[in-house]
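Letter by letter, the chains look like this.
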Amino acid sequence: MTDSTMMLPSVSRLLSRERLVRWAPILVLGLLVLFFPFFEWLMDFLEGKGHAYLFDSRFFSIRNAARIGIAASPGLMVAVGVTFIILMGSIDLSMEGTVSVCAVLFAFVFLAWGATLASWAWLAVPLALVVGAAMGFVNGLVHIWLKIPSFMASLAMGFVGTGLALILTGGDRIRIEDELFRSLLTERIFNFPVMVYVAFFFLLVAWFIQSRTTLGRNFYAVGGGEELAHASGLNVERVRLMGFTLAGVFFAVGALLAVGRIGIAETATGNNFLFISITTVVVGGTALWGGIGGVWNTLVGVLIVNVINNGMIVIGLPAFFQDGVLGILVILAVALSVNRRSTSFVK
Amino acid sequence: MYGLRKVEKYFPGVHALRRVDFHVNRGEIVGLVGENGAGKSTLMKVIYGAYQPDAGGIFIDDKEVRFQNPRQAMENGIGMVFQEQSLIPNLTVMENIFLGYERQFVNFGVINWNAFAEAAKKQLAKVKLDIDPATITSELSFAQRQLVDLAKVLTIEDRIEGDLVILLDEPTSVLAREEVELLFGLVRGLTKRASFIFVSHRIDEVLDLSDRIYVMKDGAIVDVVNHDEVNVDSIQHKMVGREIDTEYYREQKQKPYNASEVLLSFDNVSLGTRYKDISFELHPGEVLCLVGTEGSGREAILRTVFGLEAPDSGTVTIKNEQVWHFTAEGGVWRGVGYVPRERKIEGIVGGMNVYENMTLSQMQNFSRAGTLLESNEKAFAREWIERLGIKTPSENKDCGGLSGGNQQKVVLAKWRSGGSDIILLDHPTRGLDIGAKEDVYEMIREMCDAGVGILLVADTLEEAIGLSHTILVIKDGEFQKRFDGTPGSKPSLYDLLHHMI
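Chains as they are written, first to last, in our numbering: chain U, 80 to 426; chain L, 1080 to 1580.
Just so you know, the hints here were simulated from the structure itself, not pulled from any lab data. Where is the CB? At the ideal position from N, CA and C, for every residue including glycine. Be careful, since some hints might not be right.
Claimed, not checked - Short derived list, chain L residues pointing at chain U, Cβ under 10 Å:
id	residue
1	1409
2	1412
3	1421
4	1427
5	1443
6	1445
Pulled out of the complex, with its shape left as it was, chain U reads as follows:
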């Protein structure tokens, strides 16, 4: 009985709900950006040193924005990669291993081939991307061929990657001291370092893939209705495989930026990316069951998470607070996006 008379009221209710869900992340971001300076102002005021609310804020300054940008860039790339996977309704938890392997291999090859971007060593950059793609591809194969749920396949592949990185380095840190490569961090254009622009460029690439290519459309189709995509003649498995491969490439970009930021490649380069990237995707409003959201949501999510991290440091809250706050944020974000009336059981 899909009668129009019955559909209409529920649709209009859904629309307003959808609007709320869609705009909530950006609203939260706006509030956070105003909240931290206010908190600063309040503390100063209580100490009797009142300052102009936004103009004198340590948080609300270009310098701090650049700091947030630097902190956010590698995580943004990893999160964008996993966004594609979550759009398909799958999940990829292999990012820590992939990032570590890409970082370490990049560093080895980079040092071996000339140790500066001005030499043949620049080839290490595309090589890292290929390695990322290959790892994502294998990840997808394990998931599709062996029919292992994506979360398990990718989690296991992630451990394999971390182990591989440890074997490669033997636990050592590899320093990259090339001035040209480090200019990712040191060279600034309009106050922001180059790596922020690089991240933004790749975000635009991701946006293009998402909205202007058949692959991007297929991600939404698979996430929104896998049965239907199949019944429309789509090769769903191929789409999945390409999704995991693409995610691997973005993980590799994240790895390069992570190495560029601190100048060191090691097994631990990949640490923390798992929690941060999934958190940011979800907080940004991409639905965990697929079909809804996209890379701009992920950008907002990344900014929310990094603004909170940075803001809490600026106002002097201890670091262990941050993970707790982020955890609660994830629960809130998912709770907001679940339509509990239409979902009776959750596994």
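Since the structure of chain U is already known, use the hints to place chain L on it.
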């Protein structure tokens, strides 16, 4: 002792039950027959408490009762054996039998498994099933599970004093002949304790088992006959009897098809237990309708043509080329379009907008090197929205928000615009209102004029007869009879029904 008086039930846009009077006497087996959509399942839901009547009342021993939910009905002695079995496969037989009523075996939070098993054995004895109650349910055969389901319902007997009414919804649909006999013997034996309401589309079985038979059509009881005065023909006539409007199905627009060309042919194709030795040919401009009851194999044939299922034997030929590899991708490439029954699951992607849904199966036509040409897509979608009169504010509208009829048009537009010339329609008018149905009929005629071959599984028999050039009747996966559907010499509903059941 149990009865419904003048029960009415409305759903938005549908008057599902019309002044239904229905009663069951003590120890009686009552049959209930009717076409799909006649209101049988709504009536059953009212009886076992899943729906509440909008008017009229339910009476037990002349006392009016009202059930808020199936559990309350159960406490009043009304149990239901579902067609889709209601057993949880990974639990043991005894756990299933007493699901929700385990408390009686629990002392201080600890389950007394011996008492539990003992009680379960007693229940199983009622249905003459000799199995270990600790068996995991999924290890049983289908027939055994059916009996366990019955045993589960019979536990009501121990919990309440009064009379029992047990509903059996299509209990025989997947049972073998001797299993059916076994079940019937059992049911007859249990009439000392309970009354039964037996629902089935197999009229012969209903006749065999029931003392009295209710015939439903369009939400109303059209006849009640006693076992002794039953006449199969008259029941069948009453189930379907209604005037057919040739205008409605656009029969005047039905033109002869091009018999010299063959789009699709099946030659002795079989697929497991789904269908066996099916042969037919589909020509350009032909509507070929597969007629049969639910589960007769119609859908499986459509899915084979599209490539979703590979047959075990026989040859499928599409446009003079034998099909070896059955994939949906290949089906689309060969020009086959599939309009599945569940629009929400396999028809449109909710959350994607109109133009995205339309081009989903033909994105290669709207992309260059993997990059989408969105303005082409949109212009194309606008053209088809106009051609088919799709009611949508724009091509950017989320498809999930359109009415059922317009969603169906989007699905049809997807295939037609992609150049598909073999279109598979599975219940294309299900859940649509009359106007939207007529639009779909109009489109079917148009497609035929354009030389498209249509393989149809219709929502009703009238629809099948009204629309088709050719009708194949299939029963339990086997071909029964072929009818010619040229206007003027169309078969009657009765002709079809005779071979279906």
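Hints, one by one, checked against the model:
Of the supplied interface hints, the one on residue 1409 of chain L holds, with its beta-carbon coming within about 8 Å of a beta-carbon of chain U, less than 10 Å. About 7 Å separates the beta-carbon of residue 1412 of chain L from the nearest beta-carbon of chain U, less than 10 Å, and the hint is met. Among the interface hints, the one on residue 1421 of chain L holds; its C-beta lies about 8 Å from the nearest C-beta in chain U, closer than the 10 Å criterion. With a least beta-carbon distance of about 7 Å to chain U, the hint placing residue 1427 of chain L at the interface is held under the 10 Å criterion.
Taking 10 Å as the C-beta contact cut-off toward chain U, the hint placing residue 1443 of chain L at the interface holds, the least distance being around 7 Å. Taking 10 Å as the C-beta contact cut-off toward chain U, the hint placing residue 1445 of chain L at the interface holds, the least distance being around 8 Å.
Going through the hint list in order, the structure satisfies each hint without exception.
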